Amino acid sequence: MIRIQELTKSFDGGKSYAVESLSLEVYEGETMVLLGSSGCGKTTTLKMINRLVEPTSGLIQVGGRDVKNQDTASLRRRIGYVFQEIGLFPHMTIEQNIAIVPKLLGWDKERRHLRAGELLELMDLDPSLFANRYPDELSGGQQQRVGVARALAANPDYLLMDEPFGALDALTRDTLQQELISLKDSLRKTIIFVTHDIFEAFALGDRIAVLHAGRLQQVGTKDEVYNHPASPFVAELFSRPSRQLELIGKKL
Amino acid sequence: MQEENLIIFMLERLPQLWLRTGEHLMLTGVSTGVAIILGVPLGILASRIDRMRGPLLGATGILQTIPSLAMLAILLAITGKIGALPAIIALILYSLLPITRNTLTGIQEVSPASLEAARGIGMTSHQQLWMIKIPLALPVIVAGIRTAAVTGVGIATLSAFIGAGGLGQFINRGLALANNNLVLLGAIPAALLALLVDFSISTMLWSVQPRKHRHLRPRWRTLLRGLAFSMPFLIGIAGAIAFVSGTRTVSNYESVSRDKEFQNKVVIASKNFTEQFILGELMAQIIEGNTGLSVDRRFNLGGTMICHGALVSGEIDLYAEYTGTGLTAILKEPVLSNPDEAFKVVAKEYSHRFDIEWLKPFGFNNTYAITVRQEDARLKGWEKISDLGKSASNLRAGFTSEFSERPDGYPGLIRAYGFRFGIVKDLDPTLMYEALVREEVDVICAFATDGRIDAYNLKPLQDDRRFFPPYQAAPLIRRQVKRDYPEIEQVLVQLSGLLDNSIMQKLNYEVDGKKISPRQVAREFLKSHNLLKSVQ
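Going line by line, the protein sequences match chains X and A. Under the numbering used here, the residues of the first sequence are numbered 1 to 252, in order. Under the numbering used here, the residues of the second sequence are numbered 1001 to 1536, in order.
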């Protein structure tokens, strides 16, 4: 479980807040989507969980332990992270990229090789074709599959995903979303998934946390946030796509 | 002699070529190596500490702009040594900028996405540096090393001026003796060496770019990468072997390394022109032939200041100097036109200030002679220097750089005669005569004893205002050495008075005109005067 209490982050010494008094609980095995427009504080919140950003105040517990008291490197190795920019290491082969965290954890070569092969299979990439290639030989979609494989390599209990499909084209994004849905059911990880895309949020999230201007607006299941919006902002947010659809319908 | 086949010429000098090439690689390799050890960490540090970046790049950039010869001269003054040390320091300083700057640039160019990923997956800052930043920056770093090493091969050629050896020694000596084959013997291998170094580092560059050899099978990939990466080191090792084995096999005529512990050895130097080589050889051979001492020859040093500095610091023991030069260039005393008086003053002052003694003069007076083409002199009626006054502003002068600066040279000449030449070019002492003959210049500052004055049909003009001081040549020796080996003075005194102006002109011409080696000219001369007891 990931517990966040009264989390606050200011980048300018208290004049303004990127995240303000945010409290949230993410249960074991559930996928929590942080939804909001850019600048709402969702990515900052995510980065504070593995301490890529240090909070101004507040408490974060991962698996019952306060992250503040943990060594950042070993904390991050226990939490898988998928980046929006993917961030594969261009000088390493796909296999080396996937096996990087196991390597940091001191796994032996054989075990790393087996694990990388396993994950490539899981990501629907043929190891005999891809293991020895370099990232720039892969398409964006293939690269992000490797990005997900890298995050899963050391079999972490927690997975943080920062708009992982944001930079991909709509078709590839759709495919990867579908794959992630089936994957998360079989892996049963605790996932926090950041997106600004309402459809993605509804497709992937067991629960959805809506953020606006650094503040949490509402947390709940799809049904709760859609049918019982807690604030005018949330209501407005979810009415927009259907209005757009209506507009398209009229034009047709 | 000039038409001698270049290939045969080179083959005959293969052992020396081997040594000089080794020396050259040693200079370049050691300096590049040290520059890597210093420059890469500096670059890494600058990538982390913002405040260091500007000053560091500024400082290394300034070093880079110092002209190579100036840099060598400055280091010579600072270290007080001739030879490899100041040369290597100069090369290191030049290499720092490309290596440091490229390290910094390489690290700064690592994409933010890779860096965030490296942090995000849990790499310590140490691991980020070694697993991500350095490997990704490596091609840029190696490119910097490549620039440094290739430039280094070129600059190392110049370090022969301060007695550091290397292929530049052939070039210098070839220029000094107007021997093109000798120049090529240095220049061609130096160019090939630069290409070889460039090639070896470009293979290294290939080896550190994994994406360039993705199509190779993994096993081959590892093998080839290893081989390519070690290429510069293999060449470095070959250079070291050449240097070490060459030092052993090549006769001490060429040897520049001085073994301080080795007793009964005198180090004799010369400046960079023919007469100095002959005087050096005369002194060396008469000592070798008549005493139990052996001689280490450090010929062809860049000029008066370098010889003097080396003598004062004890790097060398003996060289031939001219009274006028000692008086004006070293002691900064006013010009004295009486030769005996001039000799007394320099002998006293040198002994007093530097612990250096002037032995008895050889006999000739190698004064400067403002010289024109015989034909021009006839046509225009030039006999004396003051005759040039009217047309001076239309004349092109070719002077040695030393003459252009020395108070007893051009600046004094202007004051004494009250005119300036239209154009003044700095020329190498030995190129000056050819330039006059080819009508590239109209006036030169010849040396009165130069054989080419007669051979090329040139006309030295009379110094009618008695401006040039006497330049009697005499051996200069450190007092310590004179005391330790009194036999040196005893044999050198046999040379005194033996060489008058016409004899010196003749000897000079045998080298410059007939292309006989200074060593042989000296040997023949000593033999003909029965000054060699034992023939070596």
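Don't read these hints as lab results, they were simulated from the structure. Warning: the hint list may mix true and false statements.
[What the hints assert, rightly or not] In silico DSS-like cross-links for lysine-lysine, where the CA-CA straight-line distance does not exceed 30 Å: (1) X/Lys103 - A/Lys1212; (2) A/Lys1212 - X/Lys109; (3) A/Lys1360 - A/Lys1380.
[As the list claims (entries may be wrong)] Here are the in silico distance ranges between beta carbons for each label pair: (4) A/Gly1226 - X/Leu129: 24 to 32 Å; (5) X/Gly117 - A/Thr1222: 17 to 25 Å; (6) A/Ala1238 - X/Asp157: 54 to 62 Å; (7) X/Glu25 - A/Ser1230: 29 to 37 Å; (8) A/Leu1234 - X/Ala167: 44 to 52 Å; (9) A/Leu1227 - X/Gly106: 27 to 35 Å; (10) A/Gly1226 - X/Gly166: 36 to 44 Å; (11) X/Asn155 - A/Leu1216: 49 to 57 Å; (12) A/Leu1045 - X/Ala167: 30 to 38 Å; (13) A/Gln1108 - X/Asp223: 47 to 55 Å; (14) A/Leu1227 - X/Glu137: 50 to 58 Å.
[Unchecked claim] Chain A residues, not near chain X, derived (Cβ > 12 Å throughout): (15) Thr1105; (16) Val1110; (17) Leu1115; (18) Ile1132; (19) Arg1221; (20) Asn1290; (21) Tyr1485; (22) Leu1498; (23) Gln1520.
All of these numbers come straight from a predicted model, not from anything done at the bench. Beta carbons are placed, not taken as given, at the ideal position from N, Cα and C, and that holds for glycine.
Quick rundown of the hints versus the structure:
This hinted pair checks out: lysine 103 of chain X and lysine 1212 of chain A have alpha carbons roughly 25 Å apart, not beyond 30 Å. This hinted pair checks out: lysine 1212 of chain A and lysine 109 of chain X have alpha carbons roughly 24 Å apart, not beyond 30 Å. Of the supplied pair hints, the one linking lysine 1360 of chain A and lysine 1380 of chain A is violated, its CA atoms being roughly 41 Å apart against a limit of 30 Å. The supplied range of 24 to 32 Å is met by glycine 1226 of chain A and leucine 129 of chain X, whose beta-carbon atoms lie about 26 Å from each other.
In this structure, glycine 117 of chain X and threonine 1222 of chain A meet the distance hint of 17 to 25 Å, their C-beta atoms being roughly 20 Å apart. At roughly 57 Å, the beta-carbon separation of alanine 1238 of chain A and aspartate 157 of chain X lies within the given 54 to 62 Å, and the hint holds. In this structure the supplied range 29 to 37 Å is violated for glutamate 25 of chain X paired with serine 1230 of chain A, their Cβ-Cβ distance being about 57 Å. Checked against the hint of 44 to 52 Å, the pair leucine 1234 of chain A and alanine 167 of chain X passes, with Cβ atoms roughly 45 Å apart.
Separation of leucine 1227 of chain A from glycine 106 of chain X is about 31 Å and conforms to the stated range, judged on CB atoms against 27 to 35 Å. Separation of glycine 1226 of chain A from glycine 166 of chain X is about 41 Å and conforms to the stated range, judged on CB atoms against 36 to 44 Å. Checked against the hint of 49 to 57 Å, the pair asparagine 155 of chain X and leucine 1216 of chain A fails, with Cβ atoms roughly 33 Å apart. At about 34 Å, the CB distance of leucine 1045 of chain A to alanine 167 of chain X agrees with the hint of 30 to 38 Å.
At about 50 Å, the CB distance of glutamine 1108 of chain A to aspartate 223 of chain X agrees with the hint of 47 to 55 Å. Judged by the Cβ atoms, the range 50 to 58 Å given for leucine 1227 of chain A and glutamate 137 of chain X is violated: they are separated by roughly 25 Å. The beta carbon of threonine 1105 of chain A is kept farther than 12 Å from every beta carbon of chain X, the shortest such distance being approximately 17 Å. Listed as a non-interface residue, valine 1110 of chain A fails to keep its Cβ farther than 12 Å from every Cβ of chain X; the least gap is roughly 9 Å.
For leucine 1115 of chain A, the condition that its CB be more than 12 Å from all CB atoms of chain X is violated, with the nearest at approximately 8 Å. Residue-level check failed: isoleucine 1132 of chain A sits 6 Å from the nearest beta carbon of chain X, not beyond 12 Å. The Cβ of arginine 1221 of chain A does not lie farther than 12 Å from every Cβ of chain X; its closest approach is about 9 Å, which violates its non-interface assignment. No beta-carbon of chain X is positioned within 12 Å of the beta-carbon of asparagine 1290 of chain A; the least distance is around 69 Å.
In this structure tyrosine 1485 of chain A is separated from chain X by more than 12 Å, as the shortest Cβ-Cβ distance comes to about 64 Å. Distance to chain X confirms leucine 1498 of chain A as a non-interface residue, since its nearest Cβ pair spans about 73 Å, more than 12 Å. The claim that glutamine 1520 of chain A is not at the interface with chain X holds, since no C-beta of that chain comes within 12 Å of its own (minimum 61 Å).
Checked against the numbered hints above, the structure violates hints 3, 7, 11, 14, 16, 17, 18, 19; every other hint is satisfied.
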